[in-house]
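Trainee: What follows is the residue order along each chain.
2 protein chains.
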Amino acid sequence: MEKVRTIEIHESVTALNDQTAEFVREKMFEQGTLFINVMSSPGSGKTTLLTSLINKMKDKVNIAEMDVDIESSVDAQRVADKTGVRALQIHNGGLCHIDADMTARALMEFDTKGVDLLILENIGNLVCPAEFDTGAHMNVMLLSVPEGDDKPLKYPLMFSVCDIVLITKIDTVGFFNFDFKAAEERIKKLNPNAIIIPVSAKTGEGLEKVEDLLLEKMAEIKK
Amino acid sequence: MEKVRTIEIHESVTALNDQTAEFVREKMFEQGTLFINVMSSPGSGKTTLLTSLINKMKDKVNIAEMDVDIESSVDAQRVADKTGVRALQIHNGGLCHIDADMTARALMEFDTKGVDLLILENIGNLVCPAEFDTGAHMNVMLLSVPEGDDKPLKYPLMFSVCDIVLITKIDTVGFFNFDFKAAEERIKKLNPNAIIIPVSAKTGEGLEKVEDLLLEKMAEIKK
Numbered sequence: 000m001e002k003v004r005t006i007e008i009h010e011s012v013t014a015l016n017d018q019t020a021e022f023v024r025e026k027m028f029e030q031g032t033l034f035i036n037v038m039s040s041p042g043s044g045k046t047t048l049l050t051s052l053i054n055k056m057k058d059k060v061n062i063a064e065m066d067v068d069i070e071s072s073v074d075a076q077r078v079a080d081k082t083g084v085r086a087l088q089i090h091n092g093g094l095c096h097i098d099a100d101m102t103a104r105a106l107m108e109f110d111t112k113g114v115d116l117l118i119l120e121n122i123g124n125l126v127c128p129a130e131f132d133t134g135a136h137m138n139v140m141l142l143s144v145p146e147g148d149d150k151p152l153k154y155p156l157m158f159s160v161c162d163i164v165l166i167t168k169i170d171t172v173g174f175f176n177f178d179f180k181a182a183e184e185r186i187k188k189l190n191p192n193a194i195i196i197p198v199s200a201k202t203g204e205g206l207e208k209v210e211d212l213l214l215e216k217m218a219e220i221k222k
Numbered sequence: 000m001e002k003v004r005t006i007e008i009h010e011s012v013t014a015l016n017d018q019t020a021e022f023v024r025e026k027m028f029e030q031g032t033l034f035i036n037v038m039s040s041p042g043s044g045k046t047t048l049l050t051s052l053i054n055k056m057k058d059k060v061n062i063a064e065m066d067v068d069i070e071s072s073v074d075a076q077r078v079a080d081k082t083g084v085r086a087l088q089i090h091n092g093g094l095c096h097i098d099a100d101m102t103a104r105a106l107m108e109f110d111t112k113g114v115d116l117l118i119l120e121n122i123g124n125l126v127c128p129a130e131f132d133t134g135a136h137m138n139v140m141l142l143s144v145p146e147g148d149d150k151p152l153k154y155p156l157m158f159s160v161c162d163i164v165l166i167t168k169i170d171t172v173g174f175f176n177f178d179f180k181a182a183e184e185r186i187k188k189l190n191p192n193a194i195i196i197p198v199s200a201k202t203g204e205g206l207e208k209v210e211d212l213l214l215e216k217m218a219e220i221k222k
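Protein sequence lines, in the order shown, are assigned to chains A and B. Anchor point for the first sequence: position 146 equals 145 in this note's numbering, and the numbering is continuous, going up by one each time. Anchor point for the second sequence: position 66 equals 65 in this note's numbering, and the numbering is continuous, going up by one each time.
Please keep in mind that the hints were generated in silico from the structure rather than gathered at the bench. Just to be clear, a hint being listed does not mean it is correct.
Copies of the same chain are indistinguishable here, so a pair counts whether it falls within one copy or spans any two.
To be verified - In silico lysine-lysine, DSS-like type, Cα no more than 27 Å apart, as pairs:
no., residue 1, residue 2
1, K201, K180
2, K180, K81
3, K180, K57
4, K201, K55
5, K187, K221
6, K81, K201
7, K222, K81
Can you build the whole structure from these sequences, using the hints too?
Mentor: Given below as structure tokens:
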């Protein structure tokens with residue numbers, strides 16, 4: 000009984016959310032900003048990877064970052080300190096996701112005019128964020144080597160809604176059993192169009208590919 | 000607007016949930032079963048650790064395991080194959096948690112009479128499972144070294160509701176910056192009574208302590 004009630008409410012929120020998401024997406028498109036939503040488990044290395052990527056790209060394009068957490072502002076602070084780009088910390092009041100309405104409200108306070116690449120670092124969670132369209136043009140998710148290659152079997156929706164899957168912390172592969180081929184097959188089965196890129200923020204491996212892909216998408220938005 | 004609506008509904012579900020949780024807890028107490036709820040991020044090593052722990056304890060006490068996932072039965076299968084104890088896979092229909100009503104329904108189908116230790120492996124998520132009392136006597140959470148020592152700052156509720164925090168994968172500490180002292184301070188600030196035990200399923204370090212603690216709690220239940 001309870002379970003059914005939860006699901007029904009959730010669907011009605013999602014329907015309203017999709018309209019707001021479309022509005023946000025269109026607005027970002029009009030002003031020439033590529034808006035990406037970055038999702039993963041807690042501790043898969045979102046902030047570290049984004050910091051490396053921003054530092055690699057910030058002299059070529061104008062970047063801004065929004066960071067969602069329940070509490071604490073360590074992530075936005077870390078990005079701002081280590082990259083110098085503008086970062087906004089969003090506290091979401093204990094929810095397990097961010098939706099398009101919350102994104103829209105954040106964008107009312109965070110000026111993104113002239114920004115080429117707007118990055119939303121979503122809350123660490125492989126379930127709920129996958130259910131809410133944030134209004135981003137692309138969903139990027141991180142799967143870290145220490146988490147294991149079986150995650151697509153257990154969190155199928157997350158892998159289904161992602162355009163890009165970054166397999167992170169590949170420098171630690173000697174320490175963990177991670178079968179890249181099995182992971183790739185499981186992801187492709189759920190999402191044949193997913194672009195999978197193995198990366199390491201520590202060694203820099205794979206970051207060039209991610210940069211090229213984002214630059215290409217930014218050029219498309221500005222056409 | 001949307002955000003407020005979500006929170007209000009959620010509180011009403013939680014209130015009902017607490018009654019069912021109390022009922023489950025009392026029932027398990029009466030039949031002399033210690034019921035523990037194990038929570039963590041995806042990939043922090045719940046199944047691997049529980050498999051090692053069950054193998055260490057199964058000749059001394061009668062153990063059964065229930066495993067929650069959105070899809071896939073790999074975890075319950077893995078526990079059953081590697082330990083020989085009875086395991087039940089619960090598919091929760093895409094929700095981000097398991098609540099007491101779902102637990103109660105699972106317990107109607109899964110016979111736990113004569114079981115000394117009932118383990119619920121919750122869904123991998125540091126947000127939602129913390130909000131729902133499952134009816135367990137104790138909450139155990141895992142924080143893995145690769146996830147980082149800052150997780151208590153970001154997921155405070157999870158660390159607040161746990162009786163035991165196991166810091167897992169400590170054999171990989173050479174690969175990651177993980178400050179045990181900082182992690183402990185952050186956990187204790189949220190939850191002064193939390194028992195923190197560093198463990199490795201690979202080397203077996205710390206498992207003896209976890210076993211002793213559970214045996215002690217089992218003896219209390221049976222008094």
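Trainee: Against this structure, judge whether each hint is valid.
Mentor: Hint-by-hint comparison with the structure:
Taking CA atoms no more than 27 Å apart as the test, K201 paired with K180 passes in both settings, with 22 Å inside one copy and 24 Å between copies. Within a single copy, K180 and K81 get their C-alpha atoms only as close as 34 Å, which misses the 27 Å cut-off; across copies the closest is 24 Å, which meets it. In this assembly of identical chains, K180 and K57 lie within 27 Å of each other by CA distance neither inside one copy nor across copies; the values are 33 Å within and 35 Å between. Taking identical chains as interchangeable, the C-alpha atoms of K201 and K55 lie at most 27 Å apart only when both belong to the same chain, with a minimum of 13 Å there against 37 Å between chains.
Taking CA atoms no more than 27 Å apart as the test, K187 paired with K221 passes in neither setting, with 29 Å inside one copy and 50 Å between copies. Taking identical chains as interchangeable, the C-alpha atoms of K81 and K201 lie at most 27 Å apart only when both belong to the same chain, with a minimum of 15 Å there against 35 Å between chains. Within a single copy, K222 and K81 get their C-alpha atoms no closer than 31 Å, and across copies no closer than 56 Å, so neither meets the 27 Å cut-off.
Violated hints, listed in ascending order, are 3, 5 and 7; each of the other numbered hints is respected by the structure.
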